[in-house]
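So the protein lines, in turn, are chains A and B. So that you can map any letter, position 227 of the first sequence is 226 in numbering that gives the first Met the number 0, and since no number is skipped, the others follow by simple counting. So that you can map any letter, position 96 of the second sequence is 95 in numbering that gives the first Met the number 0, and since no number is skipped, the others follow by simple counting.
Worth flagging that the hints you see were computed from the coordinates, not collected in a lab. A hint or two may mislead.
Keeping only pairs whose Cα atoms sit at most 25 Å apart, straight-line, the calculated SDA-like set for lysine to any residue is [said to hold, decoys possible]:
no.	chain 1	residue 1	chain 2	residue 2
1	A	Lys142	A	Asn162
2	B	Lys301	A	Val43
3	A	Lys132	A	Val43
4	A	Lys142	A	Ser74
5	A	Lys375	A	Asp62
6	A	Lys96	B	Asp155
7	A	Lys142	B	Val35
8	B	Lys271	B	Tyr315
9	A	Lys132	B	Ile304
10	A	Lys142	B	Ile304
11	B	Lys301	A	Asp62
12	A	Lys142	B	Leu287
13	B	Lys122	B	Thr194
14	A	Lys142	B	Gly297
15	A	Lys338	A	Asp285
Listed next, the stretches of chain A that the computed footprint assigns to chain B, with coverage defined by at least 3 CB atoms under 8 Å from CB atoms of chain B [unchecked claim]:
no.	stretch
16	135 to 149
17	160 to 168
Keep in mind the model is a prediction, meaning the values are calculated, not measured. For every residue, glycine included, the Cβ atom is placed at its ideal position computed from N, Cα and C.
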Amino acid sequence: MRRMVSMLAVLALLLAATSGVFAAGAREGATGDAAGNLEASLAVDTSGLLSADGQPLLRVSDDDRAVPTRPADPSALPQTDPLHWYDMEWAGWAADKSAIPESPRTGAIGRRIVFIVHGDHPWTTACTLGAQKVADAYNMELKALSPNWDLAVQNQMIDQAINERPDMILLIPLDARTAPQQARRIHRAGIPLILFNTLPDAAAMDYAITWTGPDDFGQFRLLARTFADELRRLHPGAGEIGIAYVQHAPGGSPYFARSWGPVSELAGYAPEIKTLDMQAPGFEADRTMQLVSDWLTRFGSELKGIIAADDSAQALGIVEALRRAGREDVVVVAAGNSKVGMDLVQDGRLFAITYQTAEGDGALAVQTAADWFNGKEIPMRRNLAQHIITQSDVGDFYPPQW
Amino acid sequence: MRRSERDTTSSGRTLAWVERYRIFLLFAVIFVFMSVFAPRFFNVFNLTSILRMVAMNATVAIGFTIVLICAQLDLSIGTVITFAGVVGLSLKEPLGYALSVPIAIAAGAMVGLFNGVLVAKAKISSFIVTLGTLTILQGAIYTITGGNTISLSTPDAFAVSDFLAGPLIPLITPRILLMLGLVAAFELFLRRTRTGRNFYLVGGNRNTAWLAGINTDRYLIAAFVLSGTLAAIGGVFFAMESSAATLRMGDQSLMYVISATIIGGTAMTGGKGGVFRSFVAVLALEMLYTGVILFGLGNEVKIFIAGLILAAVVLYEAYAYYRHQREIGKRPELIRELAAGTTRAHAAVDAASDGAGGKA
């Protein structure tokens, strides 16, 4: 028995060593001559690419708001003060990029990129599709990995990505507050990093070339104003207008941006709007329906509006609870532009949603990577364009991306 | 010995051998396969990464194995991992790791004590008790954190993180060393000490153990305390290495650890199993998962494969149990003798009837 186990162990080591040698040889062979690559890469034009909804794939924000000065201690400010959220909303603007490597200026064509997302979802599929469109344009090799919302698995995937020594890693941090350590680990391995989609804690920005994605806080400030205008139109002169928030999963930047973004915006823009409750029921329609039914029982006619972090399952749950209670007067707005959300806007059951292009999100990250390889100047942050979809223009965004 | 009998004995021996060493065979097959076919599997960085990945779940699996050997379940291990991580990191700023880590581990032990007392003294099913603890702890975690991840981005927290993740020698980081030390210590404890072996007696047959003079309640409580303590150790050191404790950091561990422990050969009926086998099973599963990622396959493939392996093992366990039940009380040699006697009797009857026919 002992002899057999020893033989198995020796066999395993031999085979593994052989495969290691082969793998090393294959890696050497893969390293090609990059001369002339830059010129060809700079000639690639991605401006004509479209997403599935017929919109330009790469819609970059032209927001030129001045970055406010950071308060000495943002956490000391009340949560209704926009500057309380400074380190999240403005994460990256004050980052120390001194340790970020210079662009090799050898062109984007033929680069290998590992693209780590947060989990399996139709949004993620569309996001990866958008990334692939830009990668194809530059003939980049894009390897997409999904940890299915598990931080330990995402950390493992980061290790695997480092092990593969790609030219760059693009990462959606699963959790804003774990992002600094993840970014630091990739940075220490000497692999360039771009963070995208989910805003990380400011400390992560020191280790990444940049961050790209939707300005969630900005979008929700815009959505909050549209929402407030509608509530004021429906309840002119009301002394107090009660609303509630169906929140995103705790931990990630959308959890804060999609509830505290509007809370802090409305505190200044429409102080008569009062928050009755905030809950994170997850992303199941039935649980959201239960939550909203409870609110309708608890607050009755006091509840006049709901802001939701998700325009699909959560929105369906909200709409169904309101329908069952005969309370279709409640104004509902939500994040995202899934098919479900856009259909609900078209039917008039959702008042407004944010345009959050999933394909554009992935595409912008890869485009920024390509720009970096091509030696272009990369801003501290690169946001997607903001837009609020209402019944008047929802038709422009069909067919939906997901 | 007749040929058929010899074959049966030989195949039976092989089957028994395979059954006995199945987890080591599974480990060897996965290791060889991945080393040969999975790109960049066999290198120091990747193997260290695999060991770092298993460090938490293997530590947790030690305690879970002891609970399972006692024929009980501990469903609270995932939330204890998270709870310990949250407590350890939350208290780091005011108290420092020197105090916050022991407090987090003690909190895990207290959860285990609570579970153990309810199971042993109040005679409530461990499934119900630990399910309740799981829910209570989830609420406590959300209350402590307010729904936020606890993270530390200070230089000293990063220094501790770097120390725990940095290699002491190739393949071995301090956290991996801690895990290996715990696995070795508990394997020796369970196999080589009378106290350790008593856990098997309690799990194998609680009444017999009691009649043999073993304080079974004390052993049950100890098993849960160990489970809580080891889950807390796994959780708090993982959080320290990550410099963060998320609210769901232990969520995936429960199914992982249950699968690995069962695949490792610890019987759900109690009285059988081992810590080292559970460790090898955790390692084998992690190698499989890593290989799946290296092949560029999705997480869903990983879950599917893990499910297949678990289903195969559970089916095999069910078959082995059925076979064992069927064999209980059987005396094959008597059956053979009886069969031989019947054959002789038949031959005698045939011979007698032939003789009678001749006379007629």
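Contradicted hints - numbers only: Of the numbered hints, 2, 4, 9 and 11 do not hold.
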